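Modelling step: build the complete structure from the supplied sequences, incorporating the hints.
Residue numbers (my numbering), protein chains in the order written: chain A, 1 to 296; chain B, 1001 to 1110.
Simulated from the structure, these hints should not be mistaken for laboratory data.
Each hint can be trusted.
Which bits of chain B does chain A cover? Going by a derived footprint, with three or more residues having C-beta under 8 Å, they are:
no., stretch
1, 1009 to 1020
2, 1026 to 1036
3, 1054 to 1068
All values derive from a computational prediction rather than experimental measurement.
Cβ atoms here follow ideal geometry from the backbone N, Cα and C, with glycine treated the same way.
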Amino acid sequence: MRSNSSTASQSTMHPDIALGRFDPMRRIIALDDFDRGFCGWTQLVGNYEDDLDAMLPGYAQHSSPMLSTLGHWDAGSHGGVDGDYALKIATRPEAGAQNTAIKRLTFRKAGPIRLEAYVTFKPEATELKLSETDVRSFGFLFDLQSGDQSGPGSERVMPHLRFLNASDGEHVQKWQFKREAVPIVPIGSENKTISHYHLAPDGWEDLPGGEQRLCYNEIPTKVNWHYLRFDFDLEAMACTHFQCNDRSFDMSGFDSLRIPAMKNLWCMLNVAFFAETDTGKRTFLYLDSVCLSGDF
Amino acid sequence: MRMSTSAVIARNVEWSDKACSEPYEAGWADTAIFFVRALKPGSGMAGRAFLEISPDGMHWVREGSSFDLPTGKDEVSFLRISHFGTWVRLACEFAPESSLRVLVTLHLKS
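Structure below.
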């Protein structure tokens, strides 16, 4: 039985009920509960110049996120953790299709930040089967660049993590990261824009000890929400903690995709979530809520 | 304050024969407008778009509203809709040898 003093202490720690299920650093940068709308999460559109045909195919497939009640044909709306709506990222129904949602910020202090989120994923319920291997992956990434006074050697740093749920019908269930830079493609003729499809399926590496069996309920229309936490130090440009539900992972073997700093992205703090399907069914990634905090 | 958003449903997609946009879930919205902009001059005959609604995002039925798609570059057609439930999409039909490069946007308001 919990003591009264413990109860009082916990309620004092999080007087705002919306923060109660997070463990944020002292500065809340963003608390996005999609019961309040899109909260600045939009689609990740690819770069182009003069003609949309210049957009790389990986980006051309992206479309706008939605606000969803997780409505299902057999059971109606599932709802979120504590409200009706979640942000829905839906792929097209083609094997390997991906989609993303992104929030674009800049940072005011190059120090520790923490991303927390409640998420879940499912394939479209087009079959009366468990369908647990139809979702290939879901994950998240930051797109970061140091400040404009950071001097020579400045980098654009992109930590990526994905949960590889399935591959070619195999229920893999492990976390992976990506540090291998992908080809950078000049866009247009004015030497102002480049593009690189960093979510391409190649170049992912297994996170050591990153195998994890997540709750996947018995039919495709039952979902359970998962807690994610990812800590990153913007000064060292290094990950300091990663947690999914009850598991915290050793991140000593983790690294980010790194490329030389770009001339127009100083202090960039972008965060994105993505989904990928392994079959000809749409994959849906749902975000109930996201909390981004910092130690400043 | 009322909520509103603009969603890009299809961008730089070539529509011909029978095609449809990806489903969009918008149960929170009270009204919406679909805009279709021709990104390039259309080929052949003008196509026609039909509003479809769905009980589950998987099974679709025509709501009854339809409109002619544009033919000239940067021309825009639209359809105002309301009382559409949760899922919406546009289906289109083109005559043989006809097509259109489209930008389809959905503008929702609570």
